[in-house]
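Given the coordinates of chain A, work out where chain B should sit on it, guided by the hints.
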Amino acid sequence: MTAAPRLVEVRQNVFKHNDLLARTLRERFRSAGVFVLSLVSSPGAGKTALLERTLTELGTRYRVAALVGDLATDNDAARLARSGAAVRQITTGTVCHLDAAMVDSALAGWDLGTLDFLFIENVGNLVCPASYDLGEGLRCVMMSVTEGEDKPLKYPTIFNSADIAVITKIDLAAAVEFNRAAADRSIQSVRPGMETLAVSAKTGAGMPEFLRFLEARRMDSRAAGVP
Amino acid sequence: MHELSVALSIVDLAREEGERIGGRVCAVHVRLGALSGVVRDALTFSYDIACQDTTLEGSRLVIDEVPVVVFCPTCCAERVLVSPQSLWCDQCGTPTPEIRDGRGLELVALEVEQ
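Top to bottom, those sequences are chains A and B.
Per the working numbering, the first sequence starts with residue 1, numbered consecutively.
Per the working numbering, the second sequence starts with residue 1, numbered consecutively.
Hints were generated in silico from the structure; no laboratory data involved.
Even glycine gets a Cβ: it sits at the ideal position worked out from N, Cα and C.
Certain hints may be false.
[Unchecked claim] To give a feel for the contact side, a few chain B residues facing chain A, derived at Cβ under 7 Å:
hint: 1; residue: ILE49
hint: 2; residue: VAL69
hint: 3; residue: PRO95
hint: 4; residue: GLU113
hint: 5; residue: GLN114
[To be verified] Heads up, incomplete: computed chain B residues facing chain A, CB under 8 Å, no partners named:
hint: 6; residue: HIS2
hint: 7; residue: LEU8
hint: 8; residue: SER9
hint: 9; residue: GLU17
hint: 10; residue: CYS26
hint: 11; residue: THR44
hint: 12; residue: VAL66
hint: 13; residue: VAL80
hint: 14; residue: VAL82
hint: 15; residue: GLY104
hint: 16; residue: LEU105
hint: 17; residue: GLU106
hint: 18; residue: VAL112
[As the list claims (entries may be wrong)] Residues from chain B that keep clear of chain A, each with C-beta distances beyond 10 Å, as calculated:
hint: 19; residue: THR54
hint: 20; residue: GLU57
hint: 21; residue: ASP64
hint: 22; residue: ARG79
hint: 23; residue: ASP90
hint: 24; residue: GLU111
Isolated chain A (complex conformation) (with noise of 0.2 Å):
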């Protein structure tokens, strides 16, 4: 006769290779003295373009780096490198979002101290990309005009797990005859109190602030100690 199955209380976090080797790398971003900014989106909500924009406006001032993530083609990485900054591209193949094991590999080589801001363009996806922790030390999320003031109460998770939403496009805005109001208040629901700020990288509304906010958040982290 067998014996009844015995029930072993077990208590491990699945994601638990994942997150050490996030904070390992926090660990190392802290002391190479870079801010990391991670970006997460649905595809096609203007990542790159804000990405390039960034870089290259950004670059005038600081040493700026960036890391692309993508299933194929290394197109994005070709053209955020016309910003002069320092680009890699992550092809993914099949996999549908970024973890700290592809960070830390593409990372390989790379002397951190020599960067201010590194920069992490995740898969566009907005649901996968939630579960992983990269080591970042801010995590964007963006939605652009075009895609509904609702997308927050549709992707919860990836919101909540966001530090600061960007709406991007907005010189949509009026063409879509997008609501700010009601994007903000999807926004606050899954997210209370997160910072929101809106930006076009084509005519660059909205730069200046998206700028000043990355630079504000890295003299923060730099003061806490914690880039």
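For chain B alone, coordinates are given in the frame of chain A:
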């Protein structure tokens, strides 16, 4: 869909723990938070695939779905969220950004046959 890689992580962890405990693992119990970013049905589907050709093949995945628990600063009490779309207290309406539970995915127990 990242549930297959999540299922592979669960299988790896369960195998490590199973070897430490000794015996055959016949069921794996997890706590799945409503804000974990992992979908129950996709995880169940992926689990059987992740178990193939391992010592866990044929084992069951038992999922305990955990709602989001927040702290209401006005009531000074923990509240269970009705929906992860609405982070406010259902008693007094105060916004509740402080999350106490429901974000993680945790391996909590194994059922082991000797």
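Against the structure, the hints come out as follows:
The closest approach between the C-beta of ILE49/B and any C-beta of chain A is roughly 14 Å, which is over the 7 Å cut-off, so the hint fails. Interface restraint check: VAL69/B against chain A, minimum CB-CB distance 14 Å, threshold 7 Å, status violated. A hinted interface residue such as PRO95/B counts as satisfied when its beta carbon comes closer than 7 Å to some beta carbon of chain A; here the least separation is about 3 Å, so the hint holds. Taken as an interface hint, GLU113/B checks out: its beta carbon lies about 5 Å from the nearest beta carbon of chain A, inside 7 Å.
Below 7 Å, beta-carbon pairs count as interface contacts, and GLN114/B has one with chain A at about 6 Å; its hint therefore holds. This hint holds: HIS2/B has a C-beta 4 Å from the nearest C-beta of chain A, less than the 8 Å allowed. Contact between LEU8/B and chain A, as hinted, is not supported at the beta carbon level, the nearest pair being about 10 Å apart and thus beyond 8 Å. For SER9/B, the suggested interface contact is upheld, since its CB lies about 5 Å from the closest CB of chain A, less than 8 Å.
Annotation: GLU17/B was flagged as interfacial toward chain A, and the flag holds, the nearest CB pair being 5 Å apart, inside 8 Å. Taking 8 Å as the C-beta contact cut-off toward chain A, the hint placing CYS26/B at the interface holds, the least distance being around 5 Å. Hint status for THR44/B: violated, given a least beta-carbon distance of 14 Å to chain A, over 8 Å. Proximity of VAL66/B to chain A is violated relative to the hint, the smallest CB-CB distance being about 13 Å (cut-off 8 Å).
Because the closest C-beta pair between VAL80/B and chain A is about 16 Å apart, greater than 8 Å, the hint is violated. Given the 8 Å rule on beta carbons, the hint for VAL82/B is violated: about 12 Å separates it from the nearest Cβ of chain A. Look at GLY104/B: its Cβ gets to within about 6 Å of chain A, closer than 8 Å, so that hint holds up. With a cut of 8 Å, the hint placing LEU105/B at the interface with chain A holds, because the nearest CB-to-CB distance is about 4 Å.
A cut of 8 Å between beta carbons decides the hint on GLU106/B: the least distance to chain A is about 6 Å, and the hint holds. Look at VAL112/B: its Cβ gets to within about 6 Å of chain A, closer than 8 Å, so that hint holds up. At roughly 16 Å, the least C-beta separation between THR54/B and chain A is larger than 10 Å, which holds for a residue marked as non-interface. Even its closest Cβ contact with chain A, about 16 Å, leaves GLU57/B beyond 10 Å, as expected for a residue assigned away from the interface.
Every beta carbon of chain A lies more than 10 Å from that of ASP64/B, the smallest distance being close to 13 Å; the non-interface claim holds. In this structure ARG79/B is separated from chain A by more than 10 Å, as the shortest Cβ-Cβ distance comes to about 13 Å. Annotated as non-interface, ASP90/B keeps its C-beta farther than 10 Å from every C-beta of chain A; the closest such distance is 13 Å. Under the 10 Å C-beta cut-off, the non-interface status given to GLU111/B relative to chain A is violated; the minimum distance is some 4 Å.
Consistency with the previously given hints fails for numbers 1, 2, 7, 11, 12, 13, 14 and 24, ordered from lowest to highest.
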